[in-house]
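> The residues making up each chain are set out below.
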Amino acid sequence: MRPRIPAGVLLGLALAGPVAGGAVPLGLPPLAQTGTAPATRAQVELGRKLFMDRRLSHNGTLSCAMCHVPEQGFTSNELATAVGLEGQTVRRNSPTLYNVAFVRRLFHDGREFSLENQAWGPLLAANEMGNPSIGHVIERIRGLPDYAGMFRRAYRSGPDVVTIGRALAAYQRTLLSANSPFDRWRYGGRREAMEASARRGFALFVGRAGCAACHTLGPRHALLSDGRFHNTGIGYARSMGLRRTHHVPLAPGVSIEVDDSALAAFEAAPPDVGRYEVTLDPADSWAYRTPTLRNVALTGPYMHDGSLPTLEAVVDFYDRGGIDNPGRSPLVRPLGLSAAEKAELAAFLRSLTGDNAAALARGARRGLGPEAAAPAPAKDARSRPAGASAQ
Amino acid sequence: MPKTHRSHSLRLFAALAAAACVAAPARADETSCSPYTPLIQGQEDLVYVWTLGVKGVGDGSDKLVTIDVNPASRTYGKVVHKLSIGGRGEIHHIGLSDDRRYLWGGALDSNRIYVFDIGTDPAKPKLVRTIKDFVQKSGGYVGPHSFIALPGRMLVTPLSNSRDHGGETGIVVYNNQGDFVASHPIPKDGGGDGYGYDAGVNPAKNVFLTTSFTGWNNYMMDLGKLVKDGEAMKRFGNTSVMWDLKTFKPIKVFQTPGAPLEVRWSLAKGDNWALTTSALTSKMWMYKQDAKGEWQVKEVATIGDPAKIPLPVDISIARDGKSLWVSTFMDGTVRLFDLADHGKVREVYQKQVGSQVNMVSQSFDGKRVYVTTSLLGNWDKKGKDDEQFLKIYDWDGKELTQKVHIDFYKEKLGRAHHMKFQVRDLRQLKPLDTAADGLPLLAHSR
Amino acid sequence: MSFRGARPGRFARRLLVAGGLLACLAPASAQSGAVPGYLPNPPGTYALQDIMQAGDGRVLDSQGRTRRLAEFTRGRVTLLSFIYSSCADPAGCPYAYTVFHLVRSALEEDPAARRKVRLVSLSFDPHRDTPETLRLYGGPDANREAPVRWDYLTTRSTAELLPILSAYGQDASVEKDAAGRPRGPFAHVLKVFLIDRRGRVREIYTTAYLLPPVVVNDIRTLLLEEGREGH
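Protein chains in written order, with this note's numbering: chain E, 1 to 391; chain S, 1001 to 1446; chain V, 2001 to 2231.
Here chain E stands alone, though its shape is the one from the complex:
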């Protein structure tokens, strides 16, 4: 039997950018650099379906996409730190998946080395998707009739620990986004592609503000991340309880300050020592991976704990030199930027938004099967057609 892919899926993939191994948008390095084999359409579509499928969590409520929401920058704009199975606390901010194909150390602490293996982390974490075992996930997928034949077509074998990881990785590697105003300006040679204030912001970014020391750029392309781990003080302050009062918005224009002591009857913040938890090297305490800045305007809130709500807050934070602590990266230091300069930096960050974010989101929802989880109707009422059963 020939595989039949619905036209909508093909269109979705076409909109969603190239299949892994193909051409990349302006400003990104060639995919060959990632050292992964190109994926087929069948593999990518299978991965997309798995990614969107709420049935892959233990109680059927969470998919990968519930925390990496396609319309919210493949992260969650509505949460500082994620919420897992049965509402359990996940201690860090959901990282964006834009351009994740190029990330070599996965998770904020870099504990995984490939998307194929990384996929099993959230699937099995008790406080994320909560599956009791690898076999449980495999058997569940085997029992879902809408997956019948998909793994065979994609991988010539059934769902297993390898093919599930490969399919999820194949889909995520298609989430490439670039060709931003910055890319068209810097790598496309179009002088007017990026506005003047952003150009001034870029000068600060690579110059006096020193951002590019970690958010690196190359002559022909840029990932805007060095893929390394740095201590800015955010994690230190959290672990040491330096922040005791919380600004709590209650309604538009109404907010209060709440002291930790008022919250004593609730869950304490979970411990988090960052990269140290992987290396056990005290020098790595509270260090977290430098995130890409591509599409950063779409991926708030910011930092590994989502504690900074806006790009302005992030610029302010670095302007202050982060939070002083014994392990603070020497690259993080007070900058003494003027208000105008900070606005220019923010303008530059906003020029890093790729041209296909909406298409990637549409592509994610393109599936026609039960995993699509029937997105909420946008406008009109939904009801049984009157008299349907009589016809």
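Honestly, the hints are just simulated from the structure, not real lab data. Built from N, CA and C at the ideal position, the CB exists for glycine as well. Possibly wrong hints are sitting among the right ones.
What the hints assert, rightly or not - Each computed DSS-like pair below joins lysine-lysine, with the alpha-carbon atoms no more than 25 Å apart:
no. : chain 1 : residue 1 : chain 2 : residue 2
1   : S       : Lys1269   : S       : Lys1308
2   : S       : Lys1124   : V       : Lys2176
3   : S       : Lys1252   : S       : Lys1188
4   : S       : Lys1430   : V       : Lys2176
5   : S       : Lys1351   : S       : Lys1403
6   : S       : Lys1367   : S       : Lys1382
What the hints assert, rightly or not - Chain S is nowhere near these chain V residues, computed Cβ spacing over 12 Å in every case:
no. : residue
7   : Gly2037
8   : Thr2066
9   : Arg2074
10  : Pro2111
11  : Pro2131
12  : Ala2146
13  : Pro2147
14  : Arg2156
With the hints as your guide, set chains S and V onto chain E.
Below, chains S and V without anything else, positioned relative to chain E:
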């Protein structure tokens, strides 16, 4: 009683004119039920408590707990029946069907809806249907919350959606057989934010009012974590919506910032106003028609000290519309507000009933007040402050006097949440007292 | 109080002639300063929900012939209520009965509704309401050639009635009198069902909130809907 044709026809005429022109005012239940559901106007025999399973407490399962609450009964104040439904799905509210023979209960995480037969043997509820495809059937809504009876149907108000677990949601209608009928999005235009929570129906005005809370992300997470999450705190509903009960189209969106929750219409004859309280901003809001017939909302009171987020979470209105119990979760306090003068709504009594309190329900005559403790599985306090109980108080107009205290942890039950009353003999129920409203003269001819 | 033999239909018609009700059928206004109940939505401006399949079962017509209830719930827009001729609750059957008269009066002169609308009264009390009783009860209302036809139905026994009640979701409990004889079912809330010509229930009213202008508009809405669908 002998009758003549003439007197008959005149009375009939007057009655019909009254029915068609004046229309009967809404009648609610003892505390909060649909105006279509027949009432317990005397002593309630049973209270059903929708109880969240807690790992390590008894069988750990969600359950429907039935408690004898008739002081004349041998088993007064005792748990007389427990029905475990399996698993922990964040069960939340229950609602009575239009004939009070069935009780519907929802689960905010598993998205299941459970239908219990409480008519055949009210003291032994039986699970007769489990609806498992709410999300698919409704078009992607998550968290079935309130159940409000309509004739032959149940209006279900979800809280979230399967797209992003945020607060945008809709309203859903099932028929009494448990089949999906229709769903409609909560409006996002005209100032709407698309969020939902409760609904209250006023058939006399052909309207229902919906309020707004927050999505799965927020109602499922630990409350302490939530308060510290500045982004999440921005995702609470700030609106309420008046809808046309016939067409299910929105009439007007109101700005009622800070998560307006429970809706109650006044029960009093001739009244056509409704109340809600906003949990985060600690305000009481009143909905009324102006002289032109347009619905308007007005802030009428502040509850406790808003700076301390007392979190008003439930309300229970007196049958005469003259007073309102408000429970504030954080300080475990129930507060009585005097509503006699809508320009001067004020608190006249308060009592701390525990370390935390969620639901407050009163009997139809207002003489008994019931409270339970659980708000949401992950919002309840932790450690010693996590008291879980049902307490029943007598209210003499001046003081609450505790009569019954059932410790839901000691009894190995779980977290005590929503309550509904029932009688053992359904013949004691009194249908909506429309004869005294819409059909006055016809009633007098009896 | 009993309506048996009282022929309320005639009175209701007189009332309509007198215009009392017609004034109320017209949109209310706020001129008086008093808040009106509400303005019924105009026909055809809304869609009624598709609630469920209308129930079926064995019934007896007023000639005593065995029929299927489905024969009376298809082909025309049908307004169906459960009645008992001995019902004494003024907010129950007599009121619904009178509303039926008003609805019929409002529709029978309307060319768009002639021979497209049917009223059905199905007895709740097979023991007392024999076909003959219903024939008397209905009187000239049961004229089969009327532009808006009105059928009076009963069942052979409570055993044949109960599945029908259950299919409609009409609450009922069977009671016995002091001598232990079944008194026929008893209900707290009597419902009235609006059924489209395909036999789907599209609205359910309780007698507590049964307003003739609203029922008439709902019927017209169904007639318009079916016109649009080319039936």
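> With reference to the structure, classify each hint as holding or not holding.
Structure-based check of all given hints:
1. Lys1269/S x Lys1308/S: 37 Å, violated
2. Lys1124/S x Lys2176/V: Satisfied, since the Cα-Cα distance of roughly 24 Å is no more than 25 Å.
3. Lys1252/S x Lys1188/S: Answer holds: lysine 1252/S to lysine 1188/S is near 11 Å, not above 25 Å.
4. Lys1430/S x Lys2176/V: 20 Å, holds
5. Lys1351/S x Lys1403/S: Holds: lysine 1351/S and lysine 1403/S sit about 15 Å apart, inside 25 Å.
6. Lys1367/S x Lys1382/S: 32 Å, violated
7. Gly2037: At roughly 3 Å from the nearest Cβ of chain S, glycine 2037/V sits no farther out than 12 Å, so the non-interface label is violated.
8. Thr2066: Nearest chain S Cβ is 27 Å from threonine 2066/V, so the label holds.
9. Arg2074: Label holds. Min Cβ-Cβ 19 Å, cutoff 12 Å.
10. Pro2111: 24 Å, holds
11. Pro2131: 26 Å, holds
12. Ala2146: Alanine 2146/V is indeed farther than 12 Å from all Cβ atoms of chain S, at 21 Å.
13. Pro2147: Correct as stated: the minimum Cβ-Cβ distance to chain S is 22 Å, above 12 Å.
14. Arg2156: 25 Å, holds
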